[in-house]
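Construct the complete structure from the given sequences, taking the supplied hints into account.
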Amino acid sequence: MVGELIVKTHPLDDALRADRLPHIWCPGCGIGTVMDCFVRAMKASDTPLDKHICVSGIGCTGRVAGYLALDSFHTTHGRAIPFATGMKLANPELEVTVLSGDGDLFAIGGNHFLHAARRNMDINVFCVNNFNYGMTGGQAGPTTPRGSFSTTTPAGNVDDPFNLPHLAAALGAVYVARWTSLHVRQVEKSMARALQKKGFTFVEILAPCPIGYGKSNDIGEGLDELELYKRHCIIDDGAPLESLQIDLTQDAPITLGNFVDIERRPYGSPLREEA
Amino acid sequence: MTAKPQPLTGHHFINGDIACAEGAIAAGCSFFAGYPITPSTEIAERLAQRLPQVGGRFIQMEDELGSMAAVLGASWAGVRAMTATSGPGFTLMMENIGLAVMTETPCVVVDVQRGSPSTGLPTLVGQSDVMQAKWGSHGDYEIVAYSPGSCQEMFDLTLKAFNTAERLRIPVIVLADEVVGHMTERVVIPEASAIVWEHRKRPPTPGNGLRPFATGADLVPPMPLAGEGYRIHVTGLTHDERGYPSTSAEDHERLVRRLSDKVSLRAAEITEYEESFVDDAEVVVLAYGCVSRSARRAVREARERGIKAGFLRPITLWPFPGERVRALAQQAKAFVCAELNLGQVAREMERFTSKPVIRVNHAGGELLAPAPILAAIEGASRW
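In order, the protein sequence lines correspond to chains A and B.
Numbered by the numbering used here, the letters in the first sequence go through residues 15 to 289 in order.
Numbered by the numbering used here, the letters in the second sequence go through residues 2 to 384 in order.
Wrong hints could be hidden among the right ones.
[What the hints assert, rightly or not] A few chain B residues facing chain A, derived, Cβ under 7 Å:
| hint | residue |
| --- | --- |
| 1 | A75 |
| 2 | L100 |
| 3 | K202 |
| 4 | V235 |
| 5 | G344 |
| 6 | A347 |
[Unchecked claim] What follows is a list of derived Cβ distance ranges for each label pair:
| hint | chain 1 | residue 1 | chain 2 | residue 2 | range |
| --- | --- | --- | --- | --- | --- |
| 7 | B | V257 | A | P36 | 26 to 32 Å |
| 8 | A | G170 | B | S265 | 23 to 29 Å |
| 9 | A | P62 | B | Q7 | 53 to 59 Å |
| 10 | B | A193 | A | E107 | 25 to 31 Å |
| 11 | A | G170 | B | V257 | 41 to 47 Å |
| 12 | B | G56 | A | I249 | 43 to 49 Å |
It should be emphasised that the hints constitute simulated quantities derived from the structure, not laboratory data.
All C-beta atoms in this analysis are idealised placements derived from N, C-alpha and C, irrespective of residue type, glycine included.
Encoded structure:
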């Protein structure tokens, strides 16, 4: 069968701002893949796209909001979660998702993550973790593995990084998962599950950043980082949360999975039935 | 949008912070996000109690960075939203006050000023956030800041702040102070039917081709809300009329100029002041907020002593009633500016007059008494 044009538009075009493409992300970057998974999860959800809201902070991942044909809010650095909190409280009909990067959510915005999770605010936080500040050119951040090189850790990072699933679970998130941008089906399913749940949900997606992180750590191109994931990733939903630390500089496993799926009273629900 | 809540109509003997909270309720505020800070905390406490009664939401946030962000999120969801704070918190809010300016998000920020800089005098009065209110966030922008001088004005100007914010799609500051916030006076709250609400302009129903940041001659774009189907993008980046990020210098110039113009071209309409004894005044005393109360008395005493003293009280500190200062300078030989800082508004006055501006300052911690203001009037009258 030869060259018959069967589709004229991309199947996700109704949820993307095609007039804003091409996007700004570097070749080999994982963010576009994550955006694709997010759109698929939203479209599969019970909530119409008009009621889905994407809030992001600043950084490469923060730019996702601008490519989605949704009501989307590109806020200040670190403040996506409290912005989303205000929006959700003012209109509980909205399905509000924060999609942002590791530096935005866990360095400058870390405090807000703690408190939104503690409150069990009914929002979703999807974090693209690329182990560095990509937009500013590859500086170390709160998830940069110990020993990794970056423009601000020329002798190797001396900080220990966050173990994000452990952190989220300890704070009471009702759903916690980690995948990589290689695991597109799992990412989409995890996001769909998070969108379905009431309460604070968290999905971490490891994604290659060949320019900001790969180059300075001799990982190579984006594809090489995906290969690295493929070699090192193990899937274990029941893995002890404290074992989920990532160390890309060692030949250590990276554990993925759906670690937490529990019920907890969401923020703002009545304390008593009659209330 | 929620139904119009019932204000606390009638005569009340309440402190300024409570009056402010009731002004917010009367204005239809249905969302407050804040963080406890002296001397504004009573506003949060009152609204924690009152908002649920009128179907609103109160949330105590983890800090003032988050409070301001939550206020913006709520505003985009379609409600009238506010926060209240004092100097240190006001500083943290500057980040998202800038985002409110850039994204044209109506909201109200109450700053009950205390002695500053830094932690300063948490429980005692100051007026040193005047310039922070104008210039505190980075970049060029114009702001509206009301300066209440009584508990009644804590009510009236909070109500007015919401209307100005909604009409122009801007953050509006109520720049109160500890004395006005904590003193107790009679406050008269009108009937609901006598309270006027101004609403943000709304776009036509969702459809093709809405350019959410395109405006007509009034320079204020209609505001779609999250979840209505407009599918808009809102960003703190420089953006074009579609709301899309732009790195064009022309787009930047156009946007920043419009955001500034929509306030500055209305300066005459927005600016408010109170004055007395100015018709033949040779010395005009300018004071605002709590200090205006001492200044009013000092002017009266000067008149009793035969000095032609006048009184000018800015009700809006921003826009500053500079044109009124310029006009009064035609006849006055000198001005006195009394304020609880080291001369922030005196400096602004000097942009509008070449006549001497005699400063009566105190860094804060106690209210300026009438005596030093009267002494300055007497000194100025001999020029």
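Checked hints:
1. A75: holds (4 Å)
2. L100: holds (5 Å)
3. K202: violated (18 Å)
4. V235: Result: holds, 5 Å to nearest chain A Cβ.
5. G344: violated (32 Å)
6. A347: Because about 34 Å separates B:A347 from the closest Cβ in chain A, which is outside the 7 Å limit, the hint is violated.
7. B:V257 / A:P36: 26 to 32 Å: 27 Å Cβ-Cβ, so the 26 to 32 Å window holds.
8. A:G170 / B:S265: 23 to 29 Å: violated (53 Å)
9. A:P62 / B:Q7: 53 to 59 Å: Taking Cβ atoms as reference, A:P62 and B:Q7 lie about 35 Å apart, which means the hint is violated.
10. B:A193 / A:E107: 25 to 31 Å: With a Cβ separation near 27 Å, B:A193 and A:E107 satisfy 25 to 31 Å, so the hint holds.
11. A:G170 / B:V257: 41 to 47 Å: holds (43 Å)
12. B:G56 / A:I249: 43 to 49 Å: Roughly 46 Å apart at Cβ, these two residues keep to the hinted range, so it holds.
Hint compliance for this structure: hints 3, 5, 6, 8, 9 are not met, and every other hint is.
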